[in-house]
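*Asks:* So the sequence shown is residues 144 to 816, counted in my numbering.
Any given hint could turn out to be false.
To be verified - DSS-like mimics (lysine-lysine), calculated; alpha carbons at most 27 Å apart, straight line:
1. 185 <-> 210
2. 440 <-> 343
3. 583 <-> 568
What the hints assert, rightly or not - So the derived label-pair ranges between C-beta atoms look like this:
4. 644 <-> 299: 31 to 41 Å
5. 283 <-> 626: 34 to 44 Å
6. 680 <-> 623: 53 to 63 Å
Derived by calculation from the structure, the hints in this document are not laboratory data.
Since this is a predicted model, take the numbers as computed values, not measurements.
Ideal Cβ positions, reconstructed from N, Cα and C, are used throughout, including at glycine.
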Amino acid sequence: MEKLNRGTVAVRVNSSEVFLSWRLMGTEPSTTSFNIYRDGIKINATALTGATNYKHSTTTNGTYMVKAVVDGTEESNSVEASVWVQQYKQIPIQQPAGGTTPDAVAYTYTANDASVGDLDGDGEYEIILKWDPTNSKDNSQSGYTGNVYLDAYKMNGTRLWRIDLGINIRAGAHYTQFLVYDFDSDGKAEIACKTADGTKDGIGTVIGNATVDYRNSNGYVLSGPEYLTVFNGITGAAMDTENYTPARGTVSSWGDSYGNRVDRFIAAVAYLDGINPSMVFGRGYYTRLVRSAWDFKNGQLVQRWIFDSNTTGNNAYAGMGNHQMTVGDANGDGKDEIYNGSSAVNYDGTGFFANGLGHGDALHMTDMDPDRPGMELWQCYEEPVKYAGKGLRLFDAATGVPIWGVNATGDIGRALAADIDPRYKGYECWGSTGYLYNVKGDSVGPSRPTINHAIWWDGDLLREILDDEKLEKWDYANNRLNRLLTLYLANLGSASSNNSTKANPALTADILGDWREEIIMRSGDNQFLNIYTTVNETTHRIYTLMHDPQYRLAIAWQNAAYNQPPHPGFYLGDGMSAAPIPNIQLVNAVTTPVSDQTVAAITVDVFPNPSVKTFFIRANGSFTFHIYDVNGKLQQQGTAVNQIETGTELMAGVYFVKVMAKKQQTTIKIIKQ
Numbered sequence: 144m145e146k147l148n149r150g151t152v153a154v155r156v157n158s159s160e161v162f163l164s165w166r167l168m169g170t171e172p173s174t175t176s177f178n179i180y181r182d183g184i185k186i187n188a189t190a191l192t193g194a195t196n197y198k199h200s201t202t203t204n205g206t207y208m209v210k211a212v213v214d215g216t217e218e219s220n221s222v223e224a225s226v227w228v229q230q231y232k233q234i235p236i237q238q239p240a241g242g243t244t245p246d247a248v249a250y251t252y253t254a255n256d257a258s259v260g261d262l263d264g265d266g267e268y269e270i271i272l273k274w275d276p277t278n279s280k281d282n283s284q285s286g287y288t289g290n291v292y293l294d295a296y297k298m299n300g301t302r303l304w305r306i307d308l309g310i311n312i313r314a315g316a317h318y319t320q321f322l323v324y325d326f327d328s329d330g331k332a333e334i335a336c337k338t339a340d341g342t343k344d345g346i347g348t349v350i351g352n353a354t355v356d357y358r359n360s361n362g363y364v365l366s367g368p369e370y371l372t373v374f375n376g377i378t379g380a381a382m383d384t385e386n387y388t389p390a391r392g393t394v395s396s397w398g399d400s401y402g403n404r405v406d407r408f409i410a411a412v413a414y415l416d417g418i419n420p421s422m423v424f425g426r427g428y429y430t431r432l433v434r435s436a437w438d439f440k441n442g443q444l445v446q447r448w449i450f451d452s453n454t455t456g457n458n459a460y461a462g463m464g465n466h467q468m469t470v471g472d473a474n475g476d477g478k479d480e481i482y483n484g485s486s487a488v489n490y491d492g493t494g495f496f497a498n499g500l501g502h503g504d505a506l507h508m509t510d511m512d513p514d515r516p517g518m519e520l521w522q523c524y525e526e527p528v529k530y531a532g533k534g535l536r537l538f539d540a541a542t543g544v545p546i547w548g549v550n551a552t553g554d555i556g557r558a559l560a561a562d563i564d565p566r567y568k569g570y571e572c573w574g575s576t577g578y579l580y581n582v583k584g585d586s587v588g589p590s591r592p593t594i595n596h597a598i599w600w601d602g603d604l605l606r607e608i609l610d611d612e613k614l615e616k617w618d619y620a621n622n623r624l625n626r627l628l629t630l631y632l633a634n635l636g637s638a639s640s641n642n643s644t645k646a647n648p649a650l651t652a653d654i655l656g657d658w659r660e661e662i663i664m665r666s667g668d669n670q671f672l673n674i675y676t677t678v679n680e681t682t683h684r685i686y687t688l689m690h691d692p693q694y695r696l697a698i699a700w701q702n703a704a705y706n707q708p709p710h711p712g713f714y715l716g717d718g719m720s721a722a723p724i725p726n727i728q729l730v731n732a733v734t735t736p737v738s739d740q741t742v743a744a745i746t747v748d749v750f751p752n753p754s755v756k757t758f759f760i761r762a763n764g765s766f767t768f769h770i771y772d773v774n775g776k777l778q779q780q781g782t783a784v785n786q787i788e789t790g791t792e793l794m795a796g797v798y799f800v801k802v803m804a805k806k807q808q809t810t811i812k813i814i815k816q
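Start from the sequences, fold in the hints, and give me the full structure.
*Replies:* Set out below in structure tokens:
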């Protein structure tokens, strides 16, 4: 998993206090303590051993740094954090120009879903943002749409690149599921998504045929090649493109002939071998259900397996999918299963279970009931006639067997699960029908909270409710919601949610500070992304949730189709035991190349060697190399022949290595910590 920096955030709470919060890594000993420095001067008398947050009494702002202390030794470096003067940080974004469709309909652009990944290997997350045109369509709706764009932004607002998916990728919640993850474990995340002829990568290179237009008169794209592309996180350049699987084939074989069900896509990341991340792309869930797993190795996409409900023996999986997937290791074998909804696929591409409960819009999986072994899955159902009015069900994630449920008539479109009432151990569960239930299935209130999203925000272990632009806490004693923040107000950045009635944020994730989560929302004018962070103290010490594999994978799939909140692979709630130590290895300890790039005749590998503070350059044939610092000043140069290794020692910082051979050249960015 990714190596993160300390993630320190400092927020001015009032005229006399600054709130500080920072990460405890999942790989750090439980005895790790911390020192806090303000403008280089330590402000704590003794090392801090409790929760990773602190309130500093001061009337002036400064620059803060938090350093870990392990076995009496303080870490040598850490990131600096300047004080936010308000409870949110605004990142400027660059709205694409609008346009007009072939049938003369004008459109503009709205910032939509987002994801995060460490694109450049510096330990800080970058934000990858999808731009949707205002004429985006549900698959059931005909009509042309504008192009879809993907942007990458650093936390300071620098845009790294823009990818234009082109006219042959239709805009809508079900069409573009983009995955951001370090697929080759080189310390820098890549981006993977479905592409087509005319897609333009981050350096301007067109994939496939630049001029062909496969849109039919109804605006659907039902012919022409489909691709899967992995893009470089730093440059946005296409690294490899393969034919997309599962292939479209005959449109009507997916449930209709006009283009609705054939283009219901889904995506997730999973550790299918228990060690390396794989990408899983899916097509279909109402009828035919297909899932396709890929690995990214040595700069190339490699097909791992394809699961198809049309394959003999898999017919029970047809129709057993949702508008999103989740991922986790429910049977404890160290390898992830892929949860479609009412079915799951095993790590090796075989069927795990299909319980016959049918299609639904929302599912949630974690250890909801700490009194029973394993994880549970809470789901709502859309097709009451076909599936006998199941409504809502809690079932065992390892077997698919229902534990209890709520029968209902009609389409039960929403469901949510979170620990919001400390009177009952475990999660509470609810949906758009019935009451609020504890994890045993008992009704615990005549009313229920809203159902869109949940987030850990304040100081206790209960989860808060995020609905549209309102952050609220469930008042279990009085069966009502109490407002914590109203994000659409001008003094909180005029935030706006996404995707119409889904009313979801761009992203919620633990991207800064301690284990509590941040909210990313667009500003109403689409000129900023607002990052909201808590300023509530907590006494609970938990490592960053981004070092829990299931939670981190949930951040990767959160943008896919109908956005749902992330859940960890352990019980996080009132009365919890200590969070389990994650069985993870950080990428800086992995003995594979940091960079492996090929440009024509040149292959360049850059290896980390922390013990001697060097890295090595190798290339095929005779080559010259030049090393520049971040300011463009030449630091070193040399010549090598026939794969002779050249070791170079540099101070910490950012460098660019330019290698030339046979009239070809490539430049690699090195960040040495």
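*Asks:* Does each hint fit the structure? Answer for all of them.
*Replies:* Hint-by-hint comparison with the structure:
1. 185 <-> 210: Holds. Residue 185 to residue 210 sits at ~10 Å (cutoff 27 Å).
2. 440 <-> 343: 23 Å, holds
3. 583 <-> 568: 9 Å, holds
4. 644 <-> 299: 31 to 41 Å: With a Cβ separation near 34 Å, residue 644 and residue 299 satisfy 31 to 41 Å, so the hint holds.
5. 283 <-> 626: 34 to 44 Å: Holds, at about 35 Å.
6. 680 <-> 623: 53 to 63 Å: Once the Cβ atoms are compared, 25 Å apart, the range 53 to 63 Å for residue 623 and residue 680 is violated.
Of the numbered hints given earlier, the model fails hint 6 alone.
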